[in-house]
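Undergrad: We have chain A already, so just place chain B on it with the hints.
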Amino acid sequence: MIGVALRMLFGDRAKYFGLIFGVTFASLVLTQQPAIFWGLMTRTYGFITDAGLADAWVMDPKVQFIDDIKPLQDTQLYRVRSVPGVGWAVPLYKGLLRARLENGSFQSCNVIGLDDSTLIGGPATMLEGRLEDLRRADSVIVDDVGAATRLARPPRFPGDPPIPLRVGDLLELNDRRAVVVGICKVSRTFQSQPVVYTTYSRATSFAPRERKLLSFILVGGAPGQDPAQLCARIEAQTGLAAYPREDFKWKTVTYFLKYTGIPINFGISVTLGFLVGLAIVGQTFYTFTLDNLRHFGALKAMGAGNGTLLRMIVTQALVVGLVGWGLGTGAGAMFGYVFRESQLAFRLPIWVLVLSASAVLLITIVSSVLSLWKVMRLEPAIVFKS
Amino acid sequence: MTTVTAPNPSSTANPGGAPAIVCRGVTKSYGSGAGTVAALRGIDLEVRTGEMMMLVGPSGCGKTTLISVVAGILDRDEGECLVFGQDLDAMAPNERTRFRGRNVGFVFQAFNLLPTLTAAQNVSIPLLLNGVGRRDAVRRATEMLGRVGLGERAASLPTQLSGGQQQRVAIARALVHEPRLIVCDEPTSALDHDTGHVIMRLLKNVALGEGRSLVIVTHDARIFGFADRIARMDDGRITSLATPDAERTAREG
Numbered sequence: 001m002i003g004v005a006l007r008m009l010f011g012d013r014a015k016y017f018g019l020i021f022g023v024t025f026a027s028l029v030l031t032q033q034p035a036i037f038w039g040l041m042t043r044t045y046g047f048i049t050d051a052g053l054a055d056a057w058v059m060d061p062k063v064q065f066i067d068d069i070k071p072l073q074d075t076q077l078y079r080v081r082s083v084p085g086v087g088w089a090v091p092l093y094k095g096l097l098r099a100r101l102e103n104g105s106f107q108s109c110n111v112i113g114l115d116d117s118t119l120i121g122g123p124a125t126m127l128e129g130r131l132e133d134l135r136r137a138d139s140v141i142v143d144d145v146g147a148a149t150r151l152a153r154p155p156r157f158p159g160d161p162p163i164p165l166r167v168g169d170l171l172e173l174n175d176r177r178a179v180v181v182g183i184c185k186v187s188r189t190f191q192s193q194p195v196v197y198t199t200y201s202r203a204t205s206f207a208p209r210e211r212k213l214l215s216f217i218l219v220g221g222a223p224g225q226d227p228a229q230l231c232a233r234i235e236a237q238t239g240l241a242a243y244p245r246e247d248f249k250w251k252t253v254t255y256f257l258k259y260t261g262i263p264i265n266f267g268i269s270v271t272l273g274f275l276v277g278l279a280i281v282g283q284t285f286y287t288f289t290l291d292n293l294r295h296f297g298a299l300k301a302m303g304a305g306n307g308t309l310l311r312m313i314v315t316q317a318l319v320v321g322l323v324g325w326g327l328g329t330g331a332g333a334m335f336g337y338v339f340r341e342s343q344l345a346f347r348l349p350i351w352v353l354v355l356s357a358s359a360v361l362l363i364t365i366v367s368s369v370l371s372l373w374k375v376m377r378l379e380p381a382i383v384f385k386s
Numbered sequence: 387m388t389t390v391t392a393p394n395p396s397s398t399a400n401p402g403g404a405p406a407i408v409c410r411g412v413t414k415s416y417g418s419g420a421g422t423v424a425a426l427r428g429i430d431l432e433v434r435t436g437e438m439m440m441l442v443g444p445s446g447c448g449k450t451t452l453i454s455v456v457a458g459i460l461d462r463d464e465g466e467c468l469v470f471g472q473d474l475d476a477m478a479p480n481e482r483t484r485f486r487g488r489n490v491g492f493v494f495q496a497f498n499l500l501p502t503l504t505a506a507q508n509v510s511i512p513l514l515l516n517g518v519g520r521r522d523a524v525r526r527a528t529e530m531l532g533r534v535g536l537g538e539r540a541a542s543l544p545t546q547l548s549g550g551q552q553q554r555v556a557i558a559r560a561l562v563h564e565p566r567l568i569v570c571d572e573p574t575s576a577l578d579h580d581t582g583h584v585i586m587r588l589l590k591n592v593a594l595g596e597g598r599s600l601v602i603v604t605h606d607a608r609i610f611g612f613a614d615r616i617a618r619m620d621d622g623r624i625t626s627l628a629t630p631d632a633e634r635t636a637r638e639g
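From first to last, the protein sequence lines stand for chains A and B. Letter by letter, the first sequence follows residues 1 to 386 in my numbering. Letter by letter, the second sequence follows residues 387 to 639 in my numbering.
Read the hints as simulated data drawn from the structure, not as lab findings. Fair warning: there could be bad hints in the mix.
Stated by the list, open to error - Interface residues of chain A toward chain B, partial, derived using beta-carbon atoms under 7 Å:
#1 R7
#2 S82
#3 G303
#4 F384
Virtual Cβ for every residue (Gly too), placed ideally from N, Cα, C.
Excised from the complex, chain A in its bound form (with noise of 0.2 Å):
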């Protein structure tokens, strides 16, 4: 009888059609707007995961997040460094400083300053010039996308493009005179402003004097290190806080996702998203099934057990919310295939594809339950009433 039931279906096309298009749109915006959701997400923490050789990132108690900046005094560099298991040790400056453009105008840049000797944090992909350029006098790396953009040239004719930034620029950071020596690739930060890359040296000499200037200390384990352990040994030795590259990255969510609004605006749009798509699909499917409930009636009457009955709305219930979820997840992908290139930030880990898929499954589950609910309380004698 499930043929019966997929050609009970398919064969009215237009409430099939407007099934399909309640669990398409919800699914859609099931997957599309968590994606947006955890783009921005993954926007917190990319700067971590950039710094990919790090095990582990040393931290004053009370940074809460990548951005939560609380210098240290250098001396605890070498602190960190005799606690056993580290392999090395290195300083990072991060920080946000105003350089001024050729135009006159100011831009806040996310200055990173590396370890002047080995460089450890630095950007993995060079679009042009090389990391080592940095050790030149007075040498800067941007970003190819503030390079192109907030910290572009101004176009030489009105209504012309600006100029994307090139080796061989000039920039002032903080009144001093940085040169531009190549443009990298790095995740988008989720400020979005540009990220330039010198020695820490020379950023903490680009910074405003401050007593303390050392934002973290990047730590690789020796060899067989645990980094958890090895956190915990640097923990207890200095009194910083020490996290694994991956707690840290999930503090930094975790502090997007309790401190900011964004988990809510998103969970609005999801949450309308799934109201709108129950509302269109329970509906219509009802109104399938009453439009169909002669026909039900005949078939109990013809000796079609409430189970029989159950396994076909269930069937229907389920191709829809199959065909429905494909669609929207499709034109989910496809939407942030599309945008790929752009500023938007799109991440469609499984997560959100099990979200969707269970929140389509509710929605199909709760449509086919008043239908169900309908068609087991169906007395068969309904098809001798003209």
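TA: Quick look at chain B alone, frame taken from chain A:
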């Protein structure tokens, strides 16, 4: 459409057949309290194997309620009703559903064919419900459509068929699983006179020809002549039980 003359009931009746349906003192009410409506008030009825019994009477007299009770799709309140020796009310719901699926065929006033299924697929439904495989079910359904004169229209959708053809499909659906009892609700009311007679001839020849029992609810006096016996009902009671000739004499007298 050819006009078919009603046959002489004595030539086809089988009054000596074994009892197929035996009802004694059957009552059925709807509603409760002051709003209670008594639909059946002590029905005594016996339908024999190979017999075509017609239930006639004014609207609201209880005809439909009676065939619903007889077919096992409605519980009676009191009395006894045995169908092929079995008390359907005493069966568990699933058992009764299975009994109905095996032993009862239905022909409805509005045909109740699934509009998105072809004629053959519609006819195959009772077979599918009885566990026959899809391919075998469609083959047997197509054969049955051939027996009701619609072998060429097996792949047609109900909307592509005339009212008479749809009712023939419904009859094929009622017969395909070889039930012992056929219950028909106003099988000719949606059809013109000639088509109605063709349908009745079909029911008489194909359905009764294999020793089945037929219970037909109808208002259509033009088909009374096909019955072996006619039970006239009024206000929930059977007021007369007679052959078509005696019924006609009583009506005209």
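Undergrad: Each hint should be assessed against the structure and marked as holding or not.
TA: Hints versus structure:
1. R7: holds (5 Å)
2. S82: violated (78 Å)
3. G303: holds (2 Å)
4. F384: Holds, because the Cβ-Cβ distance from A:F384 to chain B comes to roughly 5 Å (cut-off 7 Å).
In summary, the structure is inconsistent with hint 2 from the numbered list given earlier, while agreeing with all the others.
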